[in-house]
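Produce the complete structure using the sequences and hints provided.
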Amino acid sequence: MANESIRITSIIPADPPTLFVAWLDGAGHSAMTGSPATSEARVGSVFTAWDGYISGKTKLIEPGRRIVQAWRTTEFPKGAKDSLLEIVLEAVPQGTRVTLVHTNIPEGQGSDYEVGWTEYYLKPMQKFFSQAVRQSVAPPAAAAKIAKKATPRGKAKVRAAAKTSKKKSSVKAKARPAPKLGAAKKKVARKAAPTPRRPAPKGSKKRG
Numbered sequence: 001m002a003n004e005s006i007r008i009t010s011i012i013p014a015d016p017p018t019l020f021v022a023w024l025d026g027a028g029h030s031a032m033t034g035s036p037a038t039s040e041a042r043v044g045s046v047f048t049a050w051d052g053y054i055s056g057k058t059k060l061i062e063p064g065r066r067i068v069q070a071w072r073t074t075e076f077p078k079g080a081k082d083s084l085l086e087i088v089l090e091a092v093p094q095g096t097r098v099t100l101v102h103t104n105i106p107e108g109q110g111s112d113y114e115v116g117w118t119e120y121y122l123k124p125m126q127k128f129f130s131q132a133v134r135q136s137v138a139p140p141a142a143a144a145k146i147a148k149k150a151t152p153r154g155k156a157k158v159r160a161a162a163k164t165s166k167k168k169s170s171v172k173a174k175a176r177p178a179p180k181l182g183a184a185k186k187k188v189a190r191k192a193a194p195t196p197r198r199p200a201p202k203g204s205k206k207r208g
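Mapping to the working numbering: the sequence shown position 106 is 106, numbers consecutive.
No lab work stands behind these hints, which were simulated from the structure alone. Backbone N, C-alpha and C fix where the C-beta goes; we use that ideal spot for every residue, glycine too. Warning: the hint list may mix true and false statements.
Within a straight-line C-alpha distance of at most 27 Å, the following computed DSSO-like cross-link-like pairs (lysine-lysine) qualify [stated by the list, open to error]:
#1 LYS81 / LYS59
#2 LYS78 / LYS59
#3 LYS81 / LYS57
#4 LYS57 / LYS123
#5 LYS78 / LYS57
#6 LYS81 / LYS127
Here are the computed distance ranges between Cβ atoms for each label pair [as the list claims (entries may be wrong)]:
#7 VAL92 / ALA2: 22 to 28 Å
#8 VAL46 / VAL133: 19 to 25 Å
#9 PRO77 / VAL133: 21 to 27 Å
#10 THR99 / ASN3: 35 to 41 Å
#11 GLU75 / THR9: 37 to 43 Å
#12 LYS127 / THR74: 36 to 42 Å
#13 ARG97 / ARG134: 37 to 43 Å
#14 PHE76 / ILE8: 16 to 22 Å
Written as structure tokens, this is what we have:
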């Protein structure tokens, strides 16, 4: 089975140190993508994103420049090896050129992840950091704020928040079960069927 590779580039309005810290910090990753994530800025640490749909392990870190991660989703075929994700950060006048090099993707899934990186990462990141710029939040200040959350005390809060978020997601999922097609069909059939008339009780007719 042949594996696939993709390469995507985008300009994000934030400096490389800010993006580097945000990508490897659970709270920062959650903020810029808009979905629950867990992560640590440490080689060998495991991470999750998009509420567990994505998971993997950080293999290499070059502060402010490059991140390499073993990466997979819940849609990888059973027994498939992890794919390899390389995030390259280059400073440009507009902010940072982010290049995602994604290799060893299971056959037939490359185009899906190419769309996914754009729609669920690069576009949300552009929006998130553009808002920060409009609100006059300097990238270094944003990086310092995220870095503060990476302290032991901050990590404890992030983990607690992640657990709470997961519980809420579970409750919501239980509260809104998927509709059952069979039950829906029966319900429609009952509504469509004519209401049977009850026979008049004996002796109810007027006597002549």
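Okay, the hints, checked on the actual structure:
1. Restraint check: the Cα-Cα separation between LYS81 and LYS59 comes to about 15 Å, which is no more than 27 Å; the hinted pair holds.
2. In summary, the hint linking LYS78 to LYS59 is supported, as the alpha carbons are separated by about 22 Å, within the 27 Å threshold.
3. For the given pair, LYS81 sits about 13 Å from LYS57 by alpha-carbon distance, which is consistent with the 27 Å threshold.
4. Between LYS57 and LYS123, the direct Cα distance comes to roughly 24 Å. Compliance with the 27 Å bound is thereby established for this hinted pair.
5. For the proposed pair LYS78 and LYS57, the alpha carbon gap of about 18 Å is at most 27 Å, so the pair holds.
6. Restraint check for LYS81 and LYS127: not satisfied, since their Cα atoms lie roughly 33 Å apart, outside the 27 Å limit.
7. Checked against the hint of 22 to 28 Å, the pair VAL92 and ALA2 fails, with Cβ atoms roughly 34 Å apart.
8. For the pair VAL46 and VAL133, the supplied restraint of 19 to 25 Å is violated, since their beta-carbon distance comes to about 32 Å.
9. A hinted range of 21 to 27 Å for the beta carbons of PRO77 and VAL133 is inconsistent with their spacing of about 41 Å.
10. Taking 35 to 41 Å as the suggested C-beta distance range, the pair THR99 and ASN3 does not conform, at roughly 20 Å.
11. Checked against the hint of 37 to 43 Å, the C-beta distance between GLU75 and THR9 comes to roughly 24 Å, which is inconsistent with it.
12. For the hinted restraint 36 to 42 Å between LYS127 and THR74, the CB-CB distance of approximately 26 Å leaves it violated.
13. Checked against the hint of 37 to 43 Å, the pair ARG97 and ARG134 fails, with Cβ atoms roughly 21 Å apart.
14. A hinted range of 16 to 22 Å holds for the C-beta pair PHE76 and ILE8, which are about 19 Å apart.
Violation of the numbered hints given earlier is confined to hints 6, 7, 8, 9, 10, 11, 12 and 13; the remaining hints are satisfied by the structure.
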